[in-house]
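**Student:** The sequence shown begins at 1 in UniProt numbering and counts up one residue at a time.
FYI, nobody ran anything at the bench for these hints, they're computed from the structure.
Remember, predicted model here, so these are calculated numbers, not experimental data.
Every residue, glycine too, gets a C-beta built ideally from N, C-alpha and C.
Honestly, I wouldn't trust all of these hints.
Unchecked claim - Just the calculated beta-carbon pair ranges, DEER-fashion:
id	residue 1	residue 2	range
1	Q415	A247	47 to 53 Å
2	R267	R606	43 to 49 Å
3	V605	E682	51 to 57 Å
4	R375	R606	26 to 32 Å
5	S538	P197	53 to 59 Å
6	P246	A572	28 to 34 Å
7	V218	S560	42 to 48 Å
8	Q335	A247	55 to 61 Å
9	E495	V605	52 to 58 Å
10	E682	K613	52 to 58 Å
11	C235	Q588	49 to 55 Å
12	C571	R678	43 to 49 Å
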Amino acid sequence: MASPLPDMILQAEGPAAIPIEHSEAIAIEPSPKLRGRAKLLQSLHRISSSPSLAQLGRTRASSNPYGSRNTLSCVSLASASSPRNYDNNSYSSQSSRDGYSTAPTSVPNTPGIDTPFFDGSFSRIAIRRKEQGSATPGNSTPTSALPSDMRPHSRGGLIPFQPQSSMPEILEDYFSMPVIKVKRAPRTNFNFWEEMPHEIKLSIFSYLKPKELVRASVVSKTFHKVCFDGQLWTCFDASEFYKDIPAGSLAKIIVAAGPFVKDLNLRGCVQVEHYKRAEMVVKACKNLINATLEGCRNFQRSTLHSLLKSNERLTNLNLTGLTAVTNGTCKIIAQSCPSLEMFNISWCTHMDAKGIRTVIKGCPKLVDLRAGEVRGFNSLELAQDIFESNRLQKLVLSGCTDLTDEALQTMLIGQDPEIDILTELPMVPLRRFRHLDLSRCTSLTSSGVKTLANMVPDLEGLQLSGCVSLTDNALIDLLATTPRLTQLDLEELSELSNTLLFEHLAKAPCAPILEHLSISYCENLGDTGMIPVIRACSNLRNIDMDNTKISDLVLTEAASMIRTRSSGTTCARSRPRVGLRMVVFDCQNVTWTGIREVLSRNSEVRKPTTTQKDVTYPTEIIGMKCFYGWQMTVNEHMKRVLKGDLPAAGRLERKWTEYMMANEEAGAGGAGLRRRRRRAREAQMLHADEEEGGIGMGGIGRRRRARSNGCAIM
Numbered sequence: 001m002a003s004p005l006p007d008m009i010l011q012a013e014g015p016a017a018i019p020i021e022h023s024e025a026i027a028i029e030p031s032p033k034l035r036g037r038a039k040l041l042q043s044l045h046r047i048s049s050s051p052s053l054a055q056l057g058r059t060r061a062s063s064n065p066y067g068s069r070n071t072l073s074c075v076s077l078a079s080a081s082s083p084r085n086y087d088n089n090s091y092s093s094q095s096s097r098d099g100y101s102t103a104p105t106s107v108p109n110t111p112g113i114d115t116p117f118f119d120g121s122f123s124r125i126a127i128r129r130k131e132q133g134s135a136t137p138g139n140s141t142p143t144s145a146l147p148s149d150m151r152p153h154s155r156g157g158l159i160p161f162q163p164q165s166s167m168p169e170i171l172e173d174y175f176s177m178p179v180i181k182v183k184r185a186p187r188t189n190f191n192f193w194e195e196m197p198h199e200i201k202l203s204i205f206s207y208l209k210p211k212e213l214v215r216a217s218v219v220s221k222t223f224h225k226v227c228f229d230g231q232l233w234t235c236f237d238a239s240e241f242y243k244d245i246p247a248g249s250l251a252k253i254i255v256a257a258g259p260f261v262k263d264l265n266l267r268g269c270v271q272v273e274h275y276k277r278a279e280m281v282v283k284a285c286k287n288l289i290n291a292t293l294e295g296c297r298n299f300q301r302s303t304l305h306s307l308l309k310s311n312e313r314l315t316n317l318n319l320t321g322l323t324a325v326t327n328g329t330c331k332i333i334a335q336s337c338p339s340l341e342m343f344n345i346s347w348c349t350h351m352d353a354k355g356i357r358t359v360i361k362g363c364p365k366l367v368d369l370r371a372g373e374v375r376g377f378n379s380l381e382l383a384q385d386i387f388e389s390n391r392l393q394k395l396v397l398s399g400c401t402d403l404t405d406e407a408l409q410t411m412l413i414g415q416d417p418e419i420d421i422l423t424e425l426p427m428v429p430l431r432r433f434r435h436l437d438l439s440r441c442t443s444l445t446s447s448g449v450k451t452l453a454n455m456v457p458d459l460e461g462l463q464l465s466g467c468v469s470l471t472d473n474a475l476i477d478l479l480a481t482t483p484r485l486t487q488l489d490l491e492e493l494s495e496l497s498n499t500l501l502f503e504h505l506a507k508a509p510c511a512p513i514l515e516h517l518s519i520s521y522c523e524n525l526g527d528t529g530m531i532p533v534i535r536a537c538s539n540l541r542n543i544d545m546d547n548t549k550i551s552d553l554v555l556t557e558a559a560s561m562i563r564t565r566s567s568g569t570t571c572a573r574s575r576p577r578v579g580l581r582m583v584v585f586d587c588q589n590v591t592w593t594g595i596r597e598v599l600s601r602n603s604e605v606r607k608p609t610t611t612q613k614d615v616t617y618p619t620e621i622i623g624m625k626c627f628y629g630w631q632m633t634v635n636e637h638m639k640r641v642l643k644g645d646l647p648a649a650g651r652l653e654r655k656w657t658e659y660m661m662a663n664e665e666a667g668a669g670g671a672g673l674r675r676r677r678r679r680a681r682e683a684q685m686l687h688a689d690e691e692e693g694g695i696g697m698g699g700i701g702r703r704r705r706a707r708s709n710g711c712a713i714m
């Protein structure tokens, strides 16, 4: 009897199949021919697979893909979506092309479906594609292959066909396990930091400060190597952390970055005391351009000389306060540092003007000389060298008590200059001084300072504080011939009068650009001289007027000047800045009324006018240093104004005014003394509330201090 399923071939697949190697092919006997009821049920079982074609969801193509003479068997049309599914561990075998099994069978682990006439040998159905013209033994009708787009798909995907086989098969059953997806090979480990170019690493670390670089260096060896790369330490400034860094770490950093360091600032680093550490620093630094050793008192003389000899490119050298500096040091500088432009040897007590003379002759590019409190400036030879060089733009001689009128005149006009008959002025080149500091040169008089007139047209800063012998005659001609003057220090010149201020300074060509003015301890100066100066010098930024005779009128004029020169803003959220700083303590004529006027102008909101239709807010205010009893109120008011809290600042000013008025009333005699004192105490309590803290922009949110009521009887 012919087999009822001539085209079905059972194939072992998946983890349930147990392959046995070296097995021999066993011929499969054909199934007996069915009769009667069994044959009918078998036919119905085969027909039940036909409806699964409707679930494939494919419309028929325009051309007939089944135009060949082959036919489709019902078994080959079984779909993955068919409701009848089978076990994954069922009985299966692999068949050869001739219909013989090439692998032994295995016993199914899962029992068959409890259905009548269900044969366990057909628990797994294989769909096989046959080549055209091939026929299965026992069946005279050949089957054709199912198109690729109509093949059923299992849950785990299609089973790949063997490329060498001409009969690929698709197996599917109810209990089939999903096909295990092939895992992707892990990507090779990519070390981001190691693969990064060294230049980019340096660019990243360049944003770190010295302290942060030292902290980051302990992360790893790679970080340590990058953090101490010399390219990150071209500018080594230890002035910010000199108290925290130990000597060993300081020397280590400088040695590691020595060849790259161009700017070295060891200001205050007294821990570099051991000669070996200092020698390490000196040997490492060979390319310095700017060097500051101010305060390094433990630097040995030999170490300093070695540093100077090995750095020929030095342009700025600061040796302030070093005891190791001598005239021999200046000689080495003159020989080894021809590019020197700035030289600071202030408070070097072991040298004198002879060393400075050597430096002036040996350094042709020197333009900035600072030699405060150095002895020997009464030397006419040194003064003549300064005159002949005519290169200095900044000369600081503060505290040089040896400087005389003759030496100063020699620096300016030389010895025995030729005098012009018409102008009676020396016929010499003009001096290039831009900043001249002669403060505390007590030997100078008006005749010497008067020589500056007509000789320093480029002068921008002049400091004459402490020259107590100077009078108005020393400055009258000088102010008229210095149109670029922006800083004028006349502190402790008690011989000056108001005439110098309102007749000469207020009318001088430098008045519109004058920014800094100091007349502290000029006891003869008052409102008569300062009010015209404040009106004329509208660009003032700092005024020191302590211990003078000025009054509240000067403060009012200053507030008016600031209001005039600053343009208001209509933005309520804008923050003002301090445009003028005034020092007015120890002035007998300055009262709380003048201070209150300044506070009121600082927090004033201008109302709309004919020219200005909107409300304007201040952009510049006045900062004051006044009597210590009022200073706390002034500071609190300033803090509120700078925050933009103008309502709170105005309220503080009003409460303080009430408090000061109550105090004045309480101090007066006559009837009502107790009432006035009580009002003064109440005003003081309210003022204390305001000084405890501000409130919000809207005038709310303030928390008052809790206070119990007094006894009614008492």
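**Student:** Now, for every hint given, state plainly whether the structure supports it.
**Tutor:** These are the hints, each one checked on the structure:
| no. | hint | in the structure |
| --- | --- | --- |
| 1 | Q415 / A247: 47 to 53 Å | 51 Å, holds |
| 2 | R267 / R606: 43 to 49 Å | 47 Å, holds |
| 3 | V605 / E682: 51 to 57 Å | 28 Å, violated |
| 4 | R375 / R606: 26 to 32 Å | 58 Å, violated |
| 5 | S538 / P197: 53 to 59 Å | 56 Å, holds |
| 6 | P246 / A572: 28 to 34 Å | 52 Å, violated |
| 7 | V218 / S560: 42 to 48 Å | 60 Å, violated |
| 8 | Q335 / A247: 55 to 61 Å | 31 Å, violated |
| 9 | E495 / V605: 52 to 58 Å | 45 Å, violated |
| 10 | E682 / K613: 52 to 58 Å | 41 Å, violated |
| 11 | C235 / Q588: 49 to 55 Å | 50 Å, holds |
| 12 | C571 / R678: 43 to 49 Å | 44 Å, holds |
Hint violations for this structure: numbers 3, 4, 6, 7, 8, 9 and 10, all remaining hints satisfied.
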